[in-house]
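Undergrad: One letter stands for each residue in the lines below.
2 protein chains.
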Amino acid sequence: TGFKWQQTEDNEDYVDMRDMRRVTVRSFKKKVLIDIRDYYTDKAGEVKPTRKGISLRPSDWQFLVDNAEEISRKVKEWEASEK
Amino acid sequence: TGFKWQQTEDNEDYVDMRDMRRVTVRSFKKKVLIDIRDYYTDKAGEVKPTRKGISLRPSDWQFLVDNAEEISRKVKEWEASEK
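Chains as they are written, first to last, in UniProt numbering: chain H, 1 to 83; chain X, 1 to 83.
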């Protein structure tokens, strides 16, 4: 359904969540990171990362996976309410 | 398994992923957001958000949920390699 890994010049793996928002899997200092981040195109036409984003350790990612159902439930609760 | 929703003074729902890193569900301009962000304690002892984080729309969150297995597979691939 449109999910497609791509690679940066540094051989990092990323997938577009939507325009200019990526999930990137890479390693830094021998630690794997899952980065969820916004990008922009600079004047030279190069796509660059912005400060809007967060790097997750695999254990953080696992936290999201393990609790995805409960988080989705809470999102639906907020969507249904007049909050 | 330690998962526990808590509430801010503004009635936002959050859960600690780990020390000073939260998932928060809240609404902003009538749009629900899932915020994954680092926090810090200021000199007054108050817990405040940092710039390290990202606000996801429900559709972004759903993208992560829908593709969690594939992203986890890629993480394991990186962990297994010498990248």
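Hints were generated in silico from the structure; no laboratory data involved.
Hints may be right or wrong, so weigh each one.
Put simply, identical chains are the same to the list, so a pair is met inside one copy or across any two.
[What the hints assert, rightly or not] The calculated DSBU-like cross-link candidates involving lysine-lysine, where the alpha carbons are at most 35 Å apart (straight line), are:
#1 Lys52 <-> Lys74
#2 Lys30 <-> Lys76
#3 Lys52 <-> Lys29
#4 Lys74 <-> Lys43
Note that the coordinates shown come from a computational prediction; the quantities given were computed from them, not determined experimentally.
Undergrad: Take the hints in turn and mark each one as holding or not.
TA: Status of the hints after comparison with the structure:
no. : hint            : verdict
1   : Lys52 <-> Lys74 : both (24 Å within a copy, 23 Å between copies)
2   : Lys30 <-> Lys76 : between (38 Å within a copy, 13 Å between copies)
3   : Lys52 <-> Lys29 : both (22 Å within a copy, 19 Å between copies)
4   : Lys74 <-> Lys43 : between (40 Å within a copy, 32 Å between copies)
Hint violations for this structure: none, all hints satisfied.
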